[in-house]
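Q: Residue numbers (our numbering), protein chains in the order written: chain X, 1 to 165; chain L, 1 to 283.
For the record, the hints were derived by calculation from the structure and aren't laboratory data. In this text, a Cβ means the ideal position worked out from N, Cα and C, and glycines have one as well. You can trust all of the hints, since none of them are fake.
Below, a sample of chain X positions facing chain L; criterion: calculated Cβ distance under 8 angstroms: (1) L19; (2) Q21; (3) F40; (4) T98; (5) Y120.
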Amino acid sequence: MAASGSFEEFYAGTAGRLLGQLFLVTGDLHAAEEIVQEAFTRASVRWTRLRDYDVPQAWVRRVAMNLAADRARGLRRQAAAILRLGPPSTVPSVSVETLALVQALRSLPVRQRQAIVLHYLVDLPVEEVAHILAVRGGTVKSLLARGRRSLAARLGEPEEVFDRA
Amino acid sequence: MSDLRERLQEAAEAAAREGRILDAEAVVERGRRRRVRLLGSTAALVVLAVVAGVVGVDWFTGRPAALSPVPSSGPTPTTGPPTTSTAPAQVWIASVTPLQVRARPGPYPGPDPGRIVQDVTSLVRGCHGTTRIRLWIRAQGKVWLVAAKPTPPGQARLCWATGFMNQGGGGGLGPIRSQLRPLRVTFAGGGGNGELGVVGGAVTRRAVRLRVLFHKGHPLDLVPVDGGDGVPVNFFAGLYLGTGPPPAEHQRRESAIDRVMAFDQAGRRVAECRMRFGLGNTC
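Work out the full structure: start from the sequences and follow the hints.
A: So, in structure tokens, the structure goes:
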């Protein structure tokens, strides 16, 4: 669906949802806020073109996912320093079960997190997730399977629980 | 116990509820400031390029040897009156040497250090359908390619994008979503001083041959590449070297390309357009 309205309407209608998705990918609310703002800033610069897209939020989501992956790569490089000095990640108030899931998600490689969020939360088909992550469909299926297995192991739950998703 | 999807949903909703993001106005303002900065940087680069041209700096390393011109019966080259430092602004046109390279259909085999394939395909991601690289050319250490998606039945639009990659990865992208026309032409570079130029575009499937006419130099003949299933046009691309001197400061910049014509199997002209900067451009 093309966003024929103003950027402000588009932003108001999509920013919050994207923030929730990015929180699950980054595991840190402040990081997610920064990434979402950066993605929408880039969108605002190109809005005259983006507004004619069938699904402009797909462009913003993709930019945000790339930024999250870049951030994860940067963090990996500085992992030791962050482990020693970094502040605790900011998370919103959620149930104990969900908090455990967020922490378990944070331990997964960023590609697995992205695949899980895009497929299970955003409800995108495997092919679309593959498109966004620039990988093959088979790779996405593998990322999802490994992600589910890791989550189940970390949460001490049988994998079948997540297979229902 | 709730399943994965429900717990993800709960966490995402909580983050959306408790997270703080800027007002839309603040985001727009941030974007505006960034645009101004970008324009400033671009202007500075243009000034730098002009200065470099004036003092005769050769920005291209490993420039190819002189190429033999393509024999043809092209138009008579047009030459403007001599320019002097006191003359009013004159149109400056580079002399052109067409390059004999073949546009290739299908997936680009790489290498792709600048991730141009990813960038170009992402530009048409908003349209429905599968993005495919339709044609590519690699020459002089540079790559140009076209990506497109099938046009849904009953629609008269074309969802496509072009990308031009310099050696080392930098380059330009031309996101294009356009109404279907018998002939649509884009170009990049080719300003002279040994600069590689690309002319390409989309043409009606009736066309089997195209001729690019330059203001100076021999014409370039091109054969369209099949657009593929669901794409109602064919694509074409060609390369040339602008080998003239750089324009003087008082000379107006102009495309080296004058016209592009498309011919059908019987040799009839089925489309034609004129390449101009600003008003008068029909390409």
